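6 protein chains.
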Amino acid sequence: MQIEHTNWPEVEKRLRSSTLLLLPVGSVEQHGPNGLIGTDHLVAEALARRVGEDLGELVAPTLAYGMSHHHLGFPGTSSLSPRTMILLVCDILSGFYRNGFRRFYFVNGHGGNDSSLKAAFSEFLLDHPDARTALSNWWLLPEVTEQEKIFFGDSNGYHATCGEVAVTWHLYPHLERPIAPGRAPDPHHEWPLGPERFRTLYPDGRMGSDPSLSTAEKGEVLFGIARRTIREKVREFAAAP
Amino acid sequence: MQIEHTNWPEVEKRLRSSTLLLLPVGSVEQHGPNGLIGTDHLVAEALARRVGEDLGELVAPTLAYGMSHHHLGFPGTSSLSPRTMILLVCDILSGFYRNGFRRFYFVNGHGGNDSSLKAAFSEFLLDHPDARTALSNWWLLPEVTEQEKIFFGDSNGYHATCGEVAVTWHLYPHLERPIAPGRAPDPHHEWPLGPERFRTLYPDGRMGSDPSLSTAEKGEVLFGIARRTIREKVREFAAAP
Amino acid sequence: MQIEHTNWPEVEKRLRSSTLLLLPVGSVEQHGPNGLIGTDHLVAEALARRVGEDLGELVAPTLAYGMSHHHLGFPGTSSLSPRTMILLVCDILSGFYRNGFRRFYFVNGHGGNDSSLKAAFSEFLLDHPDARTALSNWWLLPEVTEQEKIFFGDSNGYHATCGEVAVTWHLYPHLERPIAPGRAPDPHHEWPLGPERFRTLYPDGRMGSDPSLSTAEKGEVLFGIARRTIREKVREFAAAP
Amino acid sequence: MQIEHTNWPEVEKRLRSSTLLLLPVGSVEQHGPNGLIGTDHLVAEALARRVGEDLGELVAPTLAYGMSHHHLGFPGTSSLSPRTMILLVCDILSGFYRNGFRRFYFVNGHGGNDSSLKAAFSEFLLDHPDARTALSNWWLLPEVTEQEKIFFGDSNGYHATCGEVAVTWHLYPHLERPIAPGRAPDPHHEWPLGPERFRTLYPDGRMGSDPSLSTAEKGEVLFGIARRTIREKVREFAAAP
Amino acid sequence: MQIEHTNWPEVEKRLRSSTLLLLPVGSVEQHGPNGLIGTDHLVAEALARRVGEDLGELVAPTLAYGMSHHHLGFPGTSSLSPRTMILLVCDILSGFYRNGFRRFYFVNGHGGNDSSLKAAFSEFLLDHPDARTALSNWWLLPEVTEQEKIFFGDSNGYHATCGEVAVTWHLYPHLERPIAPGRAPDPHHEWPLGPERFRTLYPDGRMGSDPSLSTAEKGEVLFGIARRTIREKVREFAAAP
Amino acid sequence: MQIEHTNWPEVEKRLRSSTLLLLPVGSVEQHGPNGLIGTDHLVAEALARRVGEDLGELVAPTLAYGMSHHHLGFPGTSSLSPRTMILLVCDILSGFYRNGFRRFYFVNGHGGNDSSLKAAFSEFLLDHPDARTALSNWWLLPEVTEQEKIFFGDSNGYHATCGEVAVTWHLYPHLERPIAPGRAPDPHHEWPLGPERFRTLYPDGRMGSDPSLSTAEKGEVLFGIARRTIREKVREFAAAP
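Protein chains in written order, with the working numbering: chain A, 93 to 333; chain H, 93 to 333; chain Y, 93 to 333; chain C, 93 to 333; chain X, 93 to 333; chain W, 93 to 333.
Pulled out of the complex, with its shape left as it was, chain A reads as follows (with noise of 0.2 angstroms):
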């Protein structure tokens, strides 16, 4: 159940079964040619909220921007700075936590998210000692990227993957674009990066993927894939002491 979708009595009786979250987060930025700039946020935010359909928790509303610096040179891309986006996740776990949350679980969609939420977990925990928080990146998790390399070899690539394109195209069939085949170059060793340089090195913002292998079949079965495996993961989550 979407948190927005319910008022404060429900929630508050809710709160006497489970003090669980569910969190998605995502990025507002540049996929390729062809990929789409919400691909993070959206596809985080379908997880999250099919995770909680599945077991019956409360899912917040989505943060859809995250830590994209390094994709600045490319229109269509925002960005918070790591330090604008540990304070958002604080003030946001400090608000739920204030009137009885207490396990918290980001579905997360963008690598650069990763660290702004650690640091930001680490901030909140030191504080408030009775509370949990977790966090699943979904394109790292084992059982996706097995099935991405059946699907998709060595092209997958670490940027506008074929899998999270896939991903999108399943949820969002009609946002379907073709292109050409072709693998874009591979990541150098360098990182992070500016927007300048990035856009340099990658020049159509793709990083050692080709995207025309990806369809909306695939993205289903990958889809599946992460949303089985998270919610395993967050119902260990929940029931752990």
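Worth flagging that the hints you see were computed from the coordinates, not collected in a lab.
Please read all numbers here as calculations on a predicted model, not as lab measurements.
Think of the CB as a built atom: it goes at the ideal place given N, C-alpha and C, for glycine as much as any other residue.
Accuracy of the hints is not assured; some may be wrong.
[Unchecked claim] Label pairs and their in silico Cβ distance ranges: (1) Pro279(X) <-> Thr292(W): 35 to 45 angstroms; (2) Ala330(H) <-> His220(X): 49 to 59 angstroms; (3) Pro221(H) <-> Ser110(X): 53 to 63 angstroms; (4) His281(C) <-> His220(W): 14 to 24 angstroms; (5) Tyr250(X) <-> Pro273(A): 13 to 23 angstroms; (6) Ala331(C) <-> Gly192(H): 44 to 54 angstroms; (7) Leu232(Y) <-> Pro277(H): 22 to 32 angstroms; (8) Ala332(H) <-> Lys105(C): 27 to 37 angstroms; (9) Asp278(A) <-> Arg327(X): 32 to 42 angstroms.
[Claimed, not checked] Below, computed lysine-lysine pairings styled on DSSO-like, alpha-carbon distance capped at 30 angstroms: (10) Lys105(C) <-> Lys241(C); (11) Lys325(W) <-> Lys325(C); (12) Lys325(W) <-> Lys241(W); (13) Lys105(X) <-> Lys325(A); (14) Lys105(C) <-> Lys325(C); (15) Lys325(H) <-> Lys241(Y); (16) Lys105(Y) <-> Lys325(Y); (17) Lys241(Y) <-> Lys105(Y); (18) Lys105(W) <-> Lys325(W); (19) Lys241(A) <-> Lys325(A); (20) Lys241(A) <-> Lys105(A); (21) Lys241(A) <-> Lys105(X); (22) Lys241(H) <-> Lys105(Y); (23) Lys105(H) <-> Lys325(H); (24) Lys105(W) <-> Lys241(C); (25) Lys241(X) <-> Lys325(X); (26) Lys241(X) <-> Lys105(X); (27) Lys241(C) <-> Lys241(W); (28) Lys241(A) <-> Lys241(X); (29) Lys241(H) <-> Lys325(H); (30) Lys241(Y) <-> Lys241(H).
Go by the hints and put chains H, Y, C, X and W onto chain A.
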């Protein structure tokens, strides 16, 4: 068009004819015993997206969380401190500015955000002289308040109003929740309030409203008025020198 | 009584009967070709001190500097960023709270401060549930605006108004400076503005006002109205439970 | 001339011949059982204004609040944290710099401000290479301390000193308050102190002083010395290349 | 060469041929009942200095303190919040950049720093497009972990590992402290943790390690591998376009 | 004993008899054409460690970086902004406090740090009433300056002084670098300075010093005086109630 549903070459092309971006912003906070926790951002989001469609302009992902400190005593509410919200908005504006946007129109659904949004605009404009920012608080538009007066008389109230409840029922008919007739206590002159004090003065979260008067039909009328009014304001904003 | 003219045992004694403090706040910014740069803090200071005398309440030293980013294009203006102003007000409130004050009444002379003051109050109240804060923007009091309408009709304007110029002449007769008749350009709907843009739209700093209509006598009347009105509001604030 | 008593065209004209600004800064803190809470800012303000008159230079509104954490245990004290004070001073300097001021001379009345002021200057100068900042702590001028030695011997003390009490009586004769003879405890080497610890070590707020030796006549002499000394320093500062 | 052992004309000369700087960073935190509190910064420091000697590159003074919130429940630990650490690293980078350095290679000894370091790099690179930053987490180098597997099998663990204890004994033989054999509890999936929670789950501070297997000889081998591996990475980093 | 060379059970045991911690702090900045860039932290570090040995007290890892904005025009200098340094010191103090330390004695080697350290102490003490902080600026100890007068007369100077150069040669004999006789320009009264301005006024980085007079033997004498003097101060600080 929602920018998250496009890709960067589409945005690049779009920027050649318009550098305008619509940004919906709301809150995650209690709206009385039958109003939705997401009321403020759901309405702002729907308005921004409809106006975006009407005018063919791009709409950014919704900033769902707002400054709701005074509602933190009610389950399901979370809140950004004004300083976090200022940083958040400045980062988002700076990001979109960096790759070409120049005009930013916020559609706001929550009174508590007004201060932080204007503060952020002032900070941003200080160092971006060619940018323009604007803001509509939809529930304060004279066209809207006049119609609310006709529909609800003195019982519209100040928080969890008949009008906003009605609009959410128009947008989400399946989330309509009945409530027994009766007006909540009228607002005191004391403002702002801490969360404990707010809950003491307004025990069920409403301020002076009687949402038993709300209907989805009235919501449709109000939404239409707001949509048309904001559409004209955005058109002017886009055309101004 | 100005608190800076007392000593700590006197304040300690005073706190046994009243924990109220009046705080004047204004700005240091251009007020058109003949208005004083200190207009906003000088008027707020005089009002707070007179009301303090009327009621026998303590008055804190004036916060002269405010949020005036949009006026920075004119010599003699300085400005606090909203984030600085929020920190400043929170520190001052926390300090006085720590040794016994509980009710804080701000007399504000500058529109640009309104956001930052309310933001600061919200932050402060979150962790000080037994504190109370209040704010009067003297130039927005209906009692004042009605009289201004009588005196100046449509020519009072929005910045460097006839009313505020008149009040400064009442307070500082030797600083009266004549100006040729004529209304400044009316405000555009665009707001807020960066400093360069403001000066382009309002070349001499005034917004819609004709301060050739100001006189010290009118200023005396307006000041008296504001003083009496605020006095009653403070009395209520002090007496409220 | 106080800049708050001028208008922007007058400042614009003045900037053609001098880009100097005098800024008084003090504190709002206990000064023992008979010293004024405003001692530090009232003296700094009077000195800056007299020196401004002597030299025909502009004087900014007083920064009344300073860094007084250690005095917070006494009623009537408030305090800015060093970080707030650094931001405050940087904002004020940046604001006046933006419309033409280049040389900033602070007249300081409070030891606790010294660190924050110098910190702010360092931050500001890093990015404003053509600006100049300077600071006089009036009570540390050798010309002043020599005369205090003659007047008060070893009983001048370190806080709520005979000298500063005397100067306030010269400036505000009607606020003279007698006190029984006797020296307060001498300062310990421990510094800085938290507020509780300070009040334990210095129960009536004074440090090593016997303000029964203060008279308005001695205050007049000390004020005259400080005024003349600072005047010469400002003159040199204004003339330096 | 340690930069602290040079003077500015030597650095100026050096910058003509190389703008690279090595920066060791670690932590001050418990490393189990027999591991050194300084383990992380002592190892990083030794590696950076040896690599600096090998390549003739300059090495900056060690950043000893890191992000160790989760270890604060154990005596002798201190920690920087992620936001402080980001500011710290950005300031240090900006400082060295201002007088000529352009390539910054961090040798990191502590997992908890990884997020803050990368966050700082992203912030710094946003406005310094010609700078380059890189980071090696020595204990995660595949060359190192393979050898640890050979030496310690499954008993290397995750905190206060056999490997890092061994390296400190190689570097500081007189600080070798024996410990009885036995593996500490294996890490839970829960992460990050607050300090109380960490100490509950890992009572003696170790995570899954059995440092009775550590010897100075094994430490020498591991240190040699890390040194050679990082040396090659730095060489590549320095030579890249 | 250096705390980084101990383990947590040793610290836990030590805290039963003493909660004191010594903290060396310095800078990374130019010290003239022949002085070491690390002068300030190397001397502070050596002093703190020797005093720690003398008294059997724990010594924390050195804070090498300090507030050196004015030296940023010279290669090899880096600097923390005062706000960063305040946060850094507050975090470190809060961390050690959390697991048992109560008395913190800083041995400082750099004048530019004095403000930030005292500011940090004030912030920290506000909420830690049972903590104690103290600071020695070794080069300002009267015992040291008297001996410097004997050794160097008026040629000791104010930055890159004969005394500090001599002490580094005593500590690091292999880093002794000769310099031709001659005094650098005397300091102007202007302070603080931006980096460009500093280099203009003091072209080789020294202020009023003639380090050709430095010898390792004089350095040994000065170091011994500073060590004994600080040892006594720390002893008193540890014993005070």
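Those earlier numbered hints the structure runs against, lowest number first: Checked against the structure, the hints that fail are numbers 1, 2, 3, 5, 9, 10, 11, 13, 17, 20, 21, 22, 24 and 26, while the rest are satisfied.
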